[in-house]
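**Student:** Using the hints, position chain G against chain Z.
There are 2 protein chains.
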Amino acid sequence: MASLSDVMSQHPNPVQMLRNSRMGIYVYPVVAPEFTNWRDEQRAWRDSAVLFDQSHHMDELIVEGPDAEAFLAHVGINGFANFDTNRAKHFVPVTPNGHVVGDMIIFRERDDKFILVGRAPTANWTKFQAAIGKWKVRLHHDPRSPSRPDGERVLRTHYRYQIQGPDAPKIFEKINGGPIPEVPFFHVDRINVGSRRVQALRHGMAGAPGLEIWGPYADKHYIESTILQAARDLKIDIHQVGSRAYSTNTLESGWIPSPLPGIYTGDGMLAEYRDWLGADSYEANGTIGGSFVSENIDDYYVNPFELGYGFYIGWKKDDFVGKAALEKMKGASSNRKKVTFEWNKEDVLKVIASGFEDGTPYKWIDFPQPNYASSSADMVMQDDKMVGMSMFNGYSYNERCVLSLGVVDQSVEVGDVLTMRWGEPEETQKTSGEKHKQAEIRVRVSPTPYSREARENYGGGWRKTTA
Amino acid sequence: MASLSDVMSQHPNPVQMLRNSRMGIYVYPVVAPEFTNWRDEQRAWRDSAVLFDQSHHMDELIVEGPDAEAFLAHVGINGFANFDTNRAKHFVPVTPNGHVVGDMIIFRERDDKFILVGRAPTANWTKFQAAIGKWKVRLHHDPRSPSRPDGERVLRTHYRYQIQGPDAPKIFEKINGGPIPEVPFFHVDRINVGSRRVQALRHGMAGAPGLEIWGPYADKHYIESTILQAARDLKIDIHQVGSRAYSTNTLESGWIPSPLPGIYTGDGMLAEYRDWLGADSYEANGTIGGSFVSENIDDYYVNPFELGYGFYIGWKKDDFVGKAALEKMKGASSNRKKVTFEWNKEDVLKVIASGFEDGTPYKWIDFPQPNYASSSADMVMQDDKMVGMSMFNGYSYNERCVLSLGVVDQSVEVGDVLTMRWGEPEETQKTSGEKHKQAEIRVRVSPTPYSREARENYGGGWRKTTA
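So the protein lines, in turn, are chains Z and G. In terms of my numbering, the first sequence opens at residue 51 and continues consecutively. In terms of my numbering, the second sequence opens at residue 51 and continues consecutively.
It is possible that part of the hints are untrue.
As the list makes no split between identical chains, a pair holds if one copy fits it or if it spans any two.
What the hints assert, rightly or not - As a list, the in silico DSSO-like pairs of lysine-lysine whose alpha-carbon atoms are at most 30 angstroms apart:
#, residue 1, residue 2
1, K400, K487
2, K487, K285
3, K220, K366
4, K485, K395
5, K163, K366
6, K485, K285
7, K395, K487
8, K485, K220
9, K163, K177
10, K177, K378
11, K400, K367
Since the hints were made in silico from the structure, they are not lab data.
Next comes chain Z alone, as it looks inside the complex (with noise of 0.2 angstroms):
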């Protein structure tokens, strides 16, 4: 089997297929499930200050040439007006049924080189429409690194590094030797770091403000050790977060990371991604996980404006893949919006305690990442009614809950308390779920991002633009 379509060939229905997947759960591979404890990691990055190593879990895409701008520009919806070096933008891809793609971070180190960050399904769609145009380009592909490495060495391109809190101004300003630029958010400048002169993305992840550095994998252990030492020198409590911890981050601040991407359906184009795309590619071999099960995939699908991307599109440009689309779902009523589930305490401890007895228990809510797919999909019901789909899931000690984040239909108000299948209904062929029964939890609808600190001090930007 060479193609998806060739895999895809072999099961009733796309949903099927990626419902019975046996690759496994997701992982945020390489860095050490704890360096301290998951709670305090979880704590540091309200309280004091983190390190993200984030050189693993995600795909880089390099675009190079003299079209890389205005190929760029023909995959994502993203205006491209303002994007100059000292800049990053969240890209976002949509097929031309305008069903998200994915999304990656993007940087502009050259005018004419790019660098993309973030899952695979983008870096492929990316990949392909290369493949497909006329661009003069130069595409270089590093893949994320094993999941399982077992001990055999892991290289990439390069070493990436976030550091956030409260107190990681003061750490910027230890390791470049001398206050650091004002860097407006999702904006980069160059800073020092120790002997170093890296570039520094304006972010923000977890809620507070940060600083994005990468380099050289090389130099991986010199900038890592530099930043420790200069936490160290300043006394600060600072934690670097292991992979049980890292992924939570997003519940505070209230990015998506796994949307289904949109490819599984639709002609022209999309059957012709389906042949080009490897069978052994993430769209192949990921999971569906959850209890909403429909024949119909592209009810898992999100468009742009349900996840807040609505005011990116470059609507000004001449055209762009699935431009037609977005027209037309602009302002519909069938949008959902982007919000924060707040899960039951009372129902969660029900599942908890199902674990200590005899039968089939409730699906287990693994802490602080009960994630058991690399896209979540389970039902939110009003009475009988589907008004919702829970999409990424974990606790937060910060917070003392399990939150998750999903869409909901725009009847739906913040303060709403709906009710969540967790569990799925039929027993699947997936490796990362024990054997389960389905329970209900009550959720109460919040904003997003959740993370009050995050709600009030975001300099902009699509965190603030939903629910």
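**Tutor:** Showing chain G alone in chain Z's frame:
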């Protein structure tokens, strides 16, 4: 600071030193946290088959030379009379005061060559005995793999796997290309794994029969692939066990991996040992965690009778380190006995519930492995009297409860309900635990091993001899 003595001189007493060590969680390194999910990985050692990758978490010490046997018989308490090359033993050294230093599994590979596998304290103590004696032995020490390799390559001298579970025998026959020899418990023979001829120990850590095999590390991937392919061909639901589930298998089988080495006090040889041991040793950096805080570190020590190792003792040997002390300890009414503590479900849920409330929660019970120190010591109370010490914790999905292993006074009976103090009374510098308050958890005293299968079908050995 060069030695353990130097490090100890910086602290008011060794208990405070170890309770405040910042070494972090005692990690099961390199092996992926989960391959499928830890619930199914636990279930599989009871229901089908598992592959434990034990290549990384243990020190290995090779002892060779004309005096190898005499030397080891001097260092360990074990009888060596019947120790030929087709046997393994559970090697236990004690101090001159009769306190357990640690334990390793010892294999006799040749008449003059032994391999010891286990935690560092026994390897260190054995090296010291060689250093201070006049034995014609050559030692090679291969310490455990780094806790957080961070993408760097890890190499060991040997790979080491166990295949366990009710379906394991079918796999043995398949990889061997025919029926395997009948090997008695803790005896060694040779079997084929595909094209390789390997040593195999009849073992059974998880309460079900199994084999442990080892060989040159370069063969690791071949061996693993051959085993997994055999299981696939046989349609056996084999699970590779990840580092999160791995350490919990001992809760069902009853071995305590983590007694505190009894080496921090005592004169003569023990004082000399502390000067000899490095400041970077396990002993200088390990952690004590738990509710039991004594000024006197001797209160954390155990003797071999308490762990059920009394029947190993080679009384007929002319002498061995600690013999005189053990002679006095034998049959003493102050010797405690090893038991399993079954934690009360409601009390466990109360602790978990506090993670959903504001304020300082109870000490988090992390699933499936709540240990937060290299040696755990939680007080077990009968009314106001401490009658036992809980020493190693874990949740068993098979038994649907949290269990711990420890020792209790002779007066305690199976079935007694005692109260464990969970969490530390004081704030320590340990990095592995968040700020917390103490909880009381009722525990029911249960036999060791707890697992019915292990209790009834074990082929003799220390697991049967306690409580």
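**Student:** Which numbered conditions among the earlier hints are violated in the structure presented, ordered from lowest to highest?
**Tutor:** 3 and 11
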